[in-house]
Amino acid sequence: MTDDQTSSLHPVVLWSAGVVPITLVIVLLWAWTHDGPAVPAPRDGGAFVRHFIHYGLFRGYAGGSPQAERMVAVPVELLEPGDVIVCGNPGAVYGAWSHATIYLGDGEVLSQYLLRGIGIERVEVLAWYDHLRVLRPPVSAATRTAAAMTARTQAGGVFNLMAHPRDPWQLTCSSSVDAAYRAVGVNVTDGRFWVTPESLAVGNGALVVER
Amino acid sequence: MTSFLRILAVAGHVAALQLVAGVLGWWLSPWPWLSLLVTALWLGVLIMDLRHPRFAGILPPWQRLIALALAQSPALVFGAWNMLHFCGLAPQFELGAFVVQLWLTPLAPLFAWCPAGSLLERDLWLWALSVAPFVLVIGLAVVPRRTRNV
Numbered sequence: 001m002t003d004d005q006t007s008s009l010h011p012v013v014l015w016s017a018g019v020v021p022i023t024l025v026i027v028l029l030w031a032w033t034h035d036g037p038a039v040p041a042p043r044d045g046g047a048f049v050r051h052f053i054h055y056g057l058f059r060g061y062a063g064g065s066p067q068a069e070r071m072v073a074v075p076v077e078l079l080e081p082g083d084v085i086v087c088g089n090p091g092a093v094y095g096a097w098s099h100a101t102i103y104l105g106d107g108e109v110l111s112q113y114l115l116r117g118i119g120i121e122r123v124e125v126l127a128w129y130d131h132l133r134v135l136r137p138p139v140s141a142a143t144r145t146a147a148a149m150t151a152r153t154q155a156g157g158v159f160n161l162m163a164h165p166r167d168p169w170q171l172t173c174s175s176s177v178d179a180a181y182r183a184v185g186v187n188v189t190d191g192r193f194w195v196t197p198e199s200l201a202v203g204n205g206a207l208v209v210e211r
Numbered sequence: 001m002t003s004f005l006r007i008l009a010v011a012g013h014v015a016a017l018q019l020v021a022g023v024l025g026w027w028l029s030p031w032p033w034l035s036l037l038v039t040a041l042w043l044g045v046l047i048m049d050l051r052h053p054r055f056a057g058i059l060p061p062w063q064r065l066i067a068l069a070l071a072q073s074p075a076l077v078f079g080a081w082n083m084l085h086f087c088g089l090a091p092q093f094e095l096g097a098f099v100v101q102l103w104l105t106p107l108a109p110l111f112a113w114c115p116a117g118s119l120l121e122r123d124l125w126l127w128a129l130s131v132a133p134f135v136l137v138i139g140l141a142v143v144p145r146r147t148r149n150v
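Respectively, the protein sequence lines represent chains E and S. Numbering-wise, our numbering puts 97 at position 97 of the first sequence, and it's gapless, one number per residue. Numbering-wise, our numbering puts 137 at position 137 of the second sequence, and it's gapless, one number per residue.
Hint data in this document are derived by calculation from the structure and do not stem from the laboratory. Incorrect hints may have been included.
[Said to hold, decoys possible] Partial chain S-side listing against chain E, Cβ under 7 Å, derived:
1. A9
2. A15
3. P32
4. Q92
5. A97
6. Q101
7. F111
8. A112
9. D123
[Claimed, not checked] Quick partial rundown of chain E residues pointing at chain S, CB under 8 Å, derived from the structure:
10. H10
11. L14
12. G18
13. V20
14. T23
15. P75
16. L114
17. L115
18. G117
19. L161
20. M162
21. H164
Ideal Cβ positions, reconstructed from N, Cα and C, are used throughout, including at glycine.
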């Protein structure tokens, strides 16, 4: 190798150096040109990603805006282990429903936070939301309890907001509920690729209560 | 080509490799062992490139460190913010935590292997996620330059 060769970079480096800025510009322009309404979120993959970038990241509407005077009363007395709970605040990027969890029994639900990971917390914290829907999957109480027990084992696991819907090593709030039920052979979503709170809210569960 | 442009080009090249590995790893994550294989391949290619005289091996160590720090800058900044927050020295910043996870997608399969337990009430995988960009930059910066001709 000559001195001249060692003083210059390989063309592969120079070409690939442009890939990231060009990709970022294309993605941001693509998201910026989205003029649809903030709610409800689109249900197909590409439009959902664009909507998430535009409203969730650019405009900061990821979880919606909680309003202290509109906190929901959590129906603890009606809950049974394995019940699917979806909740939301006005303006959430995912649509009407921005969070999903599963009731574990004993007043506890699975919790999923970016800076806390997956854990267990008191069901009363869901009062932070503006509206809430409880769904009971159409299977035996024993099966629902088994799903709740599976969900309990997820505590301490990795929460990743961008996890693939079928990633067994990382979970979103919705995919943790979906995974707990899939582990006991039950589908609780509406069958779409993206498992979101919305896809659980319109899944096959029987409505227990909505507030 | 000036040193500055060489540093920028290498940083862009490293980030491009990370983008490709991230997309590939994400699509393969339903089969996490394949995703883990992508992580290993990505690190292997990165190390080879950093040692190769026509790739990043052309840069002296301090320039390589700057190029790597530039390529990982979003994860470095918000990883540091995460840790300050864990220690009670900074407010919670969820968008920053999201950026760290996004940037480190190629490393994502590794975090599931963190031992259970917590430090300052945070799971160890959250600490690993926040420390990872620093380990990555320092580790790759000290990869010795290949000495034989190619």
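Going through the hints against the structure:
Look at A9 (chain S): its Cβ gets to within about 4 Å of chain E, closer than 7 Å, so that hint holds up. Restraint check, A15 (chain S) versus chain E: the minimum CB separation of about 4 Å is within 7 Å; hint holds. Because the beta carbon of P32 (chain S) sits about 5 Å from the nearest beta carbon in chain E, less than 7 Å, this interface hint is met. Taking 7 Å as the C-beta contact cut-off toward chain E, the hint placing Q92 (chain S) at the interface holds, the least distance being around 6 Å.
With a least beta-carbon distance of about 4 Å to chain E, the hint placing A97 (chain S) at the interface is held under the 7 Å criterion. A cut of 7 Å between beta carbons decides the hint on Q101 (chain S): the least distance to chain E is about 6 Å, and the hint holds. Taking 7 Å as the C-beta cut-off, the interface hint given for F111 (chain S) holds, the closest approach to chain E being about 5 Å. With a cut of 7 Å, the hint placing A112 (chain S) at the interface with chain E holds, because the nearest CB-to-CB distance is about 4 Å.
Interface restraint check for D123 (chain S): the shortest CB-CB distance to chain E comes to about 4 Å, inside 7 Å, so the restraint holds. At about 4 Å, the closest approach between the beta carbon of H10 (chain E) and any beta carbon in chain S falls short of 8 Å, and the interface hint on this residue holds. With a least beta-carbon distance of about 6 Å to chain S, the hint placing L14 (chain E) at the interface is held under the 8 Å criterion. The beta carbon of G18 (chain E) comes within 7 Å of a beta carbon in chain S, closer than 8 Å, and the hint placing it at the interface holds.
The beta carbon of V20 (chain E) is positioned within 8 Å of a beta carbon in chain S (closest approach about 4 Å), and the interface hint is therefore held. Hint on T23 (chain E) holds. Least Cβ distance to chain S is approximately 6 Å, under the 8 Å limit. Checking P75 (chain E) against chain S by beta carbon gives a least distance of about 28 Å; that is not within 8 Å, so the hint is violated. Residue-level restraint check for L114 (chain E) holds (minimum Cβ-Cβ distance to chain S is 4 Å; threshold 8 Å).
Given hint, L115 (chain E) at the interface with chain S, holds; its Cβ is 5 Å from that chain's nearest Cβ, closer than 8 Å. Taking 8 Å as the C-beta cut-off, the interface hint given for G117 (chain E) holds, the closest approach to chain S being about 4 Å. For L161 (chain E), the shortest C-beta to C-beta distance to chain S is roughly 6 Å, which falls under 8 Å, so the interface hint holds. Given hint, M162 (chain E) at the interface with chain S, holds; its Cβ is 6 Å from that chain's nearest Cβ, closer than 8 Å.
At about 4 Å, the closest approach between the beta carbon of H164 (chain E) and any beta carbon in chain S falls short of 8 Å, and the interface hint on this residue holds.
Violated hint: 15 only; the structure is consistent with all others.
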